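Chain residues, written in single-letter form:
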Amino acid sequence: MTPDLLEEGTQRRERLQQAATSGRTESGGRQAGFSRIATPGEVDITHGRILYLEDVSVSFDGFKAINNLSLDIAPGELRCIIGPNGAGKTTMMDIITGKTRPDAGTVFFGSTIDLLRYNEPQIAQLGIGRKFQKPTVFEQLTVFENLELALKTDKRVKPSMLFRLDSAQADQIAVLLHTIHLADDVGRLAGSLSHGQKQWLEIGMLLVQDPKLLLLDEPVAGMTDEETERTAELFLSLKGKHSLMVVEHDMSFIRTISEIVTVLCDGSVLAQGTLDQVQADERVIEVYLGR
Amino acid sequence: MKADVSKPLVQLPQRRPLLTRSGWSGFLVAALMVCVLAPMLNLLVPPGSPLHMSDYAVALLGKIMCYAILALAMDLIWGYTGILSLGHGLFFALGGYVMGMYLMRQIGRDGNYKSELPDFMVFLDWKALPWQWALSDSFFATMLLVVLVPGLVAFVFGYFAFRSRIKGVYFSIITQAMTFAAMLLFFRNETGFGGNNGFTDFKRILGIAIATPGMRMFLFVLTGCTLLGFFLLARWLVQAKFGRVLQAIRDGESRVMFCGYSPMGYKLAIWTISAMMCGVAGALYVPQVGIINPSEMSPANSIEIAIWAAVGGRASLIGPIIGAFVVNGAKSWLTVAYPEFWLYFLGALFIAVTLFLPNGIVGLARRWKRGDP
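Residue numbers (my numbering), protein chains in the order written: chain A, 81 to 371; chain B, -2 to 370.
Please note that the accuracy of each hint is not assured.
Think about it this way: if two alpha-carbon atoms lie no more than 27 Å apart in a straight line, the pair counts; the simulated DSSO-like pairs of lysine-lysine are [as the list claims (entries may be wrong)]:
#1 A:LYS144 to A:LYS214
#2 A:LYS292 to A:LYS321
#3 A:LYS214 to B:LYS164
#4 B:LYS164 to A:LYS238
#5 B:LYS164 to A:LYS179
Some chain A residues near chain B, calculated using beta-carbon distances under 8 Å [to be verified]:
#6 PRO201
#7 GLN205
#8 THR216
#9 PHE218
#10 LEU229
#11 SER240
#12 ILE253
In short, the hints are calculated from the structure, not lab data.
Predicted, not measured: the structure shown is a model, and the values here were computed from it.
By construction, the Cβ of each residue, glycine as well, lies at the ideal position given by its N, Cα and C atoms.
Build the full structure now, drawing on both the sequences and the hints.
Written out as structure tokens, the structure is:
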């Protein structure tokens, strides 16, 4: 082995080591996708997007619920989705969470995970949590049991038979109970909670799964003003750590939390921008007021 | 001010014990009654005494305890998981048939035709045992098959049904069709299980005569212990997180999926466990009543199991056991006293329970205990 080859090898090793430790590479901190090994189940957000929907279409009995919809969301973003009834907001969430198969288009979680290849439980385990329009909690179980069930653990059959809550998990639930203001109701049956409390519990069940992306369908419907306010605070505190997609009709709530608002209409994106921008948009006014 | 995270913020509920203190004492009393009291009253107390437990009572209670195992199995799948099976009679009968085959082989040359083959085969002019009977002379294999045959049938059926996401009333109808189809199959002589006569005239188990008071009592005690054991097993299953996932599947299956659970594995597991319990009940039932035939697979029998569970109170484990005792106790009395009214009574009972006692006898007892009107 010649000395210059040895020298070159040492230099390359140092360069690579430096690149690995400093976290900054020639491409400005981003690494090119082809040079890394894709880890199964890990979300690749190096391209700055956690969710991509591209040219997605789905129709039910000839009715185009989603029509060439393209949308993407950045990590840590809080995106609000508005739109008139039947605009395809819930259908879009159904597609992302695997409940509905689109007729055409691609849906990616990060750059590497093709969501169309997974079913609902798998997508949930990948880190996409969903809150339904109508609050759905397990009414015959207590608040605590609801949260324990949603907890991020091995969710196969045998581990569930032998499951015991460890102290870290107990702490996690205890902290969360405070966050969702249900600390005094741990032992109550979820079915006996008020509508707003059920909404909170469902949000708590999402958070305890520690999802990377939260899809929230009308989270403040039926809440009192005070509860709405607290929800807004909670969402703002989640922003940055998690990505959130919020479908809501309550404009004042959206004004409190939103950065970018996407307006859906007839299954595709009509407008996108800050709330003021979209509210000033002629086409948006038209679909909402029906001129 | 922020709350101090190091201190316990919330008193989280403690893990619930398998049985409470009073639960264990009740369990112990039941075990003593089955294992000590009943044998003493039946075998030691002379028949003339008012304390004597008659052979009729032993047979009846033994039979009802088998039914109670069925009701318990039904509670796991219907009460806790919300899947109404109207085909559990099939698993019961399969366990019974496996046991029956062994008992037929035990007759040996003591049958009417003095042949190694069971009588019905001689009658049909068969020269050798068909393949289904290959393992029937081994007691050990029989014990395994009693569990494995119903388990395997349930697993395969459940796999396809749950994979296709068949739910609710559709699932119930298919299970009913399944047991009906099996009944028609077993009615045929070609199937090799004695056609519409089934198996009867059993002589012995493990070489010991079956019709003695001692053996009858032994089977009674065994059935009682199995029932108690299965009760503990079921209790353990529903107290574990597994059981709460089952209840969650019952109350909101799509929510369960979006929590990251695949309901199919859970449904398949409890469905198969439930079927295996039925198989064991069938195997205990056949030597006690001395006959098994395809009518055990009739859809009406499976519906009755659901009625026992509903009358006793679903999703309570103890309820369906009580239900099995109450309904079958009433049946054995009414079919003697007013034979023509039994079916009307059963129908009326089911309607009354559905309308007025959605939580069955146990629900009524709980309401009464709480002092509500």
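Pairwise hint evaluation, LYS321 of chain A against LYS292 of chain A, where the allowed Cα distance is 27 Å at most | Holds, at roughly 8 Å.
Chain B contact restraint on SER240 of chain A - CB to CB distance below 8 Å | holds (4 Å)
Holds or violated: are the alpha carbons of LYS164 of chain B and LYS238 of chain A at most 27 Å from each other?
-> Satisfied, since the Cα-Cα distance of roughly 23 Å is no more than 27 Å.
Hinted contact ILE253 of chain A with chain B - closest CB pair below 8 Å = holds (7 Å)
Holds or violated: is the Cβ of PRO201 of chain A closer than 8 Å to a Cβ in chain B?
-> For PRO201 of chain A, the interface hint holds, since the closest Cβ of chain B sits about 4 Å away, which is under 8 Å.
Within 27 Å, alpha carbon to alpha carbon, are LYS214 of chain A and LYS164 of chain B?
-> Distance of about 21 Å is within 27 Å: holds.
Can the hint on GLN205 of chain A be confirmed by a CB-to-CB distance to chain B that is less than 8 Å?
-> holds (4 Å)
Hint validity - LEU229 of chain A Cβ closer than 8 Å to any chain B Cβ = At about 6 Å, which falls below the 8 Å cut-off, the nearest Cβ of chain B leaves the hint on LEU229 of chain A intact, so it holds.
Under the criterion of a CB-CB separation shorter than 8 Å, is THR216 of chain A in contact with chain B as hinted?
-> holds (5 Å)
Satisfaction of hint between LYS179 of chain A and LYS164 of chain B, Cα-Cα up to 27 Å | holds (16 Å)
Given the proposed pairing of LYS144 of chain A with LYS214 of chain A, does the C-alpha separation stay at or below 27 Å?
-> At roughly 24 Å apart (the allowed maximum being 27 Å), LYS214 of chain A and LYS144 of chain A satisfy the hint.
Restraint check, 8 Å cut-off on beta carbons, for PHE218 of chain A near chain B = holds (5 Å)
The structure fails none of the hints (numbered hints given earlier).
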